[in-house]
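Colleague: Chain order of the listed sequences is A and B.
Here the first sequence is numbered in our numbering, starting from 1 and rising by one per residue.
Here the second sequence is numbered in our numbering, starting from 1 and rising by one per residue.
In short, the hints are calculated from the structure, not lab data.
Owing to the predicted nature of the structure, the values given are computational and were not obtained by experimental measurement.
Note that beta-carbon positions come from the ideal geometry of N, C-alpha and C, so glycine has one too.
Just so you know, not all the hints are guaranteed correct.
Derived DSBU-like pairs (lysine-lysine); straight-line CA-CA distance at most 30 Å [as the list claims (entries may be wrong)]: (1) B:K305 <-> B:K354; (2) B:K112 <-> B:K216; (3) B:K112 <-> B:K203; (4) B:K307 <-> B:K398; (5) B:K188 <-> B:K203; (6) B:K305 <-> B:K398; (7) A:K111 <-> B:K188; (8) B:K240 <-> A:K111; (9) B:K203 <-> A:K111.
Sample of chain B residues lacking proximity to chain A, with all beta carbon distances greater than 10 Å (derived) [unchecked claim]: (10) R161; (11) N194; (12) D456.
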Amino acid sequence: MRFARNGVMTAFPIFVVRRLAASLLVLVAISMILMGIIQFMPGDAVDMLLRGLSPDTVSAETREALRRDLGLDLPVWYQYWNWISGVVQGDFGSSYTFNVPVAPIIFARLKTSLILALPAIAVMVTFGIGLGVVAALKENSPLDASIQLMSLTAIAMPAFLVGSLFLYVFAVQLNWIPAAFNAVDLSRLDTLETIAFFFTALIFPCLTIAAETVAHVLRQTRASMIEEMKSNYVRAALLRGVPRGQVILGHVLRNSLLPAITVIAINVGYVLGGVIVVEFVFSYPGIGNLMLSAIQTRDVPIMLGTMFVISAGYVLANFVADILYSALNPRVRLT
Amino acid sequence: MTRYNPISRRRFVACAGLALATTGVGNLILPRGARAQAVSRGGTITLSVPGPVSELDPHKVVSHESFPATFHMYSALTRIGHDFNAEPELAESWSTDDGGQTWTFKLFKNAKFHSGRPVTAEDVKFSLERVLDEKTSPRGFSAIGPIEGVTAKDRHTVVIRLSTTYVDLPIDLGGIYPRIVDRETIDKIATAPNGTGPFKLVKWEPTGNTVLEANKDYHIMGEDGRPLPYVDTVRIVPIKEPTSEFAALQSGAIDVMLQLPFDLISTAQGDSRLLVDATASGYHSLSLHQNPSFTLPNDNSELLKDKRVRQALALAINRPAILNLAISGFGTVGNDQPIPPTHVYGHAGLAPRKRNIDKAKQLLAEAGVQPGTRMILHTTTGRPGLMEHGLAVREMAKAIGLDIAIDAIDISRYWTDIEYRAPMYMDNWGARQTINASIKPFYETGGGNNCAGYSDPALDVVLNRAESEPDFKARKDLYNVAMEMISESAVTIIPYFKGFYIATNKSIGGVSAHPMTYMWLDRAYRKA
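With the hints as extra help, turn the sequences into a complete structure.
Modeller: Have a look at this one:
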């Protein structure tokens, strides 16, 4: 297929529609896989409800009645159809544990996770790209070595350890931040106090997430920049007298960002996933924490709902990455 | 007519204190040191729990974290005191005419639901019948005594008929499930509870915080002559990670930690901002199942059906060492039966088995067990001490030639897939409210908590006789026999009894560790 110069521009909407359709197909496949995984899990919600009791304590009739109440006696495909047709309408079913609709719980937790995730993403993109560019431009300098050392340390230290250290120093020893987000009674705070609270409460969870993700983006950006800087076209431009700043900002950075965008997209998905460990350490009531609780209590509607929403976050991040890719490199639209 | 009170509170505390002293449990301290201070009113108390309040229906409640909400919103007829005696809650008195087969409970005449409607005997009848139905209370129906029928004699008198003489009924009626609910709003109970307890619901975020406020019309008075509770608000905050929970307590973000893990007890005791309270409560056991649901390949656990093999394993372990390894010594050494020496029914003459490798080897040889025989022990890291306990058993069993492999199972499926099912597994039990509830369901043939699938008709006879025996001394003798039989059988190897520890900020008074791990905050107050 051949495109005229303006043909590339007209192909963009088609590209977007194709990627969107592909993303939706991926989501449908994910939904089926999730339902399949749930079926392979040992035990079910009734077992959890009656945990701690000898299997002989409750009659088989009552067990069956409880299974019927939860719809667990239906064939798998029927359960899937009930669930996915509800999801399309925004109804994720009712929690086995809490006996209330799941959707408001999930979306409330998603909102809380986003309050943590968006600043973390901003830090990741800004510092990841910024430090990556600086490290590449100062390749093999002491500054580059320092940045590399920091990034390696950030990758090597597990989030659980970083979070616990922050908690111990700033919450227990210095009492600057709340040790558990949900322990603070927000209803007693005025607007300014609430803003101050969110700032102090979020800064360390945010930094804990950012520490690892910044390092990923930084290292990718640095590697791409160094590779691009050694390209023939860069050397040619510099030899022809194009200012170094113009070459870097106008050409090298733009091309270096392509692989970095992939890493950013993956890390955005990771951050949107609630960064379960960080939420766990800081008792942050996000969607990752909710998923963990649901797994422990075998609350299938919440498990399915949270996993689906997190998966959708990954798919969305990759969709946006594809679009950005095509904006930065129109040749991508032809594939 | 007799008012039944088999063991006085003073006598129990004396017994417990003596037992603690004589068994050398320096780490367990008797609670309630703060009661001397005058109470003050008002303010908020924040209680942390490991998970969210998941149910508001007290008859269906599953999780331990929900109890602080259901207990405070819904009163029962009685309350189980720290000494395991029944104390008045909705019933101001109770009596029996026939030695314990028919019980009459007199309700407080001024008790009301949170809606303002007075509580009647019909509400009690409705509530108890709802608990007795396994479909509406699948966990509760077998936990409230041998009730045959409930009658509302008049507006404030309830008569309960039992199928047999049972003197512990008033204690059982203070348990988790038999809470009195409003029959007129029962269809809204899952989200809009209307109870009779000292606190009423303000806010419940499923998976999040729960907020309760004082019920100003509560019918029980405080030390200052005004209705309990002392504080205006209770916040129940779920914090899953114990280290974060403890950090929140140290920083003052929370006031009371429902349960202090064993590895944080020493730190808490050394923190001048905190108070630690403790009581004996429950045990860890190694259950040797006599009729398991499954056996893994290369597992010779069926040999554990031979009493000599079980006894050999019980003789191979070093109990004080396991106590230290598993729970840092915060407990007392056990003797393979579930009643601790501090209990009023504790069997003073039943000494813990001492490690005896020669005797153990001899028993194994008599049973024809070859050196190197492999067995699989299932345990989990999901409860503090269970993994360490399992590893210690594995190492100690090497001395008698048993090759025990550890199968570590995630806690999310441990209670559903392993407990009651595996041939050999670690278990974690809290204290039960009565001596009967502590033994009978665990060892009676087909009992609701028979974790080793054990059956001994002779033991069943003793347990049934003990259950319906009204005389304390005769009853104690029967339970002593039962404990000896259980210890001898070694179907549950119980090397230690656990301590239960809570931690509070020093600014809080009136909170203490309850041996049932219950948490009552209606007498809690912020110190002036």
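Colleague: Name the hints, by number, that the structure is in violation of.
Modeller: none
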